[in-house]
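Under numbering that gives the first Met the number 0, the first residue of the sequence shown carries the number 0, and numbering increases by one thereafter.
Treat the hints as calculated values from the structure; they're not laboratory data. It is possible that some hints are incorrect.
The list that follows gives simulated cross-link-like pairs (lysine-lysine, DSBU-like), each with its CA atoms no further than 35 Å apart [unchecked claim]: (1) 257 with 227; (2) 227 with 27; (3) 362 with 381; (4) 157 with 200; (5) 371 with 309; (6) 146 with 362; (7) 194 with 255; (8) 200 with 308; (9) 309 with 200.
Between beta-carbon pairs, the in silico distance windows are [unchecked claim]: (10) 47 with 340: 39 to 47 Å; (11) 47 with 378: 43 to 51 Å; (12) 40 with 299: 19 to 27 Å; (13) 127 with 267: 28 to 36 Å.
We put the CB at the ideal spot given by N, CA and C, even for glycine.
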Amino acid sequence: MNSRFLIILGVMLLIDVYFFQSLVTLLKNSNPSRRTTIYYIYWGFTIYSLSLLLINFIYPFREWNQYIRIYFVAFAAGAIICKFVGSLFLLTDDVIRLFRWIATYLAPSTAPDPAHPHSISRLKFISQVAVVMAAVPYLSLIYGMIKSGYDIRVKKIKIALSNLPESFNGLKIIQISDIHCGSFTSTHHFENAVKIINEQKADILFFTGDLVNDVATETDKFNEVFSKITAPMGVYSILGNHDYADYVTWDSAEEKSKNLENLKAKHKQYGWRLLLNEHVALQKGEDKIALIGIENWGARGFAKYGDLKKAHAGTQAYPVKLLLSHDPSHWEAQVLKDYPDIDAVFAGHTHGMQFGVEIPGFKWSPVQYIYKQWAGLYQQGKQYLYVNRGLGFIGYPGRVGILPEITLIELTNKA
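Full structure from sequences and hints, please.
As structure tokens, this is what we get:
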């Protein structure tokens, strides 16, 4: 075993032992049988988590069955993270007590005031806080895997474009993004999504990338479901960073290339018009606007397959230009700087990190420290960006606070 693995294993064990002290404090006066049962459960789960790490060292997770990998690892990783959070509160109390001990040693104080003999001790209070701060997020993560990861929300917005031709006034667009079908063990979630999509009776649908996690075969069980998505003016799609299978070890470049071609064929099979650094004209009556679609272009270290210059060429005559670009960082990095005639960009990619808080008037997620534009509608001057929160998930098999999204966008020429 290498030293890095031993260090990780040691740190995990130290966190478990340290956090265990909060349980010892809380259960000191409890029924011995109950206390023993809780101890067994705690250390049983610890052994489970550490065993997963050991198995991964011998037999890497990427070689596991994908569904076992997704859920088994999520339960263990969630527990480790939450115990770490709880341990921070214990550490705070220990630091405070250390300074008090030093102060007492240097300047002995009088005996404590017994005015409140029945008040809870600070150590027990901190232990309770530590356990709660570990348990609440962990239960939230479990709930996110069972329920809220599938709780689809329809977001309805309007985008006002003063140069929008009258024929397109009131155009209804459905946007979906980041399906990541390889994370799902059944078709139920997407059957429900397609039902909701078709109920909106939109004119056109945009899919803004990441159909799969890694490989084209992930879509096989969903072929019939995705083929049911319909819209009068068509379904248009682009590729996301995961669609290129860059995160898979391939035996040859030819094998990787064939996988991408198979994925492109899936879009065609579903009746989706895949845009690959190109544009098409959307027509209503005598009026036309341009729909531009590029391959993935990321400003945060992700691959740049997109060629906006190529896709944009020839669109000068159109009064309105809409762009499908998977990664929202593309908006500030290139669109705002070099393409002031692109009216609205539709992106995904961030998932809102599948974790955060969204209540009226307040929106927060850790992903906002990486992506300035990470969920919802943004505007600079007369240019807009909409970042869809995604319909699926990857990594953590659920969502907490940031729910799966179907966006219904209405274009209007009225301010």
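Distance restraint hint 28 to 36 Å, applied to the beta-carbon atoms of residue 127 and residue 267: 58 Å, violated
Satisfaction of hint between residue 308 and residue 200, Cα-Cα up to 35 Å: 33 Å, holds
Agreement of residue 157 and residue 200 with the hint, judged by alpha carbon distance not exceeding 35 Å: It holds: about 16 Å lies between the C-alpha atoms, which stays within 35 Å.
Restraint status (C-alpha distance of residue 309 to residue 200 at most 35 Å): Distance ~33 Å between residue 309 and residue 200 Cα, so the pair holds.
Pairwise hint evaluation, residue 381 against residue 362, where the allowed Cα distance is 35 Å at most: Roughly 24 Å separates the two Cα atoms, so the pair holds.
Outcome for the supplied range 19 to 27 Å, where the beta carbon pair is residue 40 and residue 299: 41 Å, violated
Outcome of range test on Cβ distance (residue 47, residue 378; 43 to 51 Å): Since residue 47 and residue 378 have Cβ atoms about 48 Å apart, the given range 43 to 51 Å holds.
Satisfaction of hint between residue 227 and residue 257, Cα-Cα up to 35 Å: 26 Å, holds
Proposed proximity, residue 27 with residue 227 (alpha carbon, max 35 Å): This hinted pair is violated, its Cα atoms lying about 59 Å apart.
Pairwise hint evaluation, residue 309 against residue 371, where the allowed Cα distance is 35 Å at most: 27 Å, holds
Pair hint outcome, residue 194 versus residue 255 [Cα-Cα no greater than 35 Å]: Since the Cα atoms of residue 194 and residue 255 sit roughly 33 Å apart, the hinted pair holds (cutoff 35 Å).
Pairwise hint evaluation, residue 362 against residue 146, where the allowed Cα distance is 35 Å at most: 21 Å, holds
The structure fails hints 2, 10, 12 and 13 (numbered hints given earlier, in ascending order).
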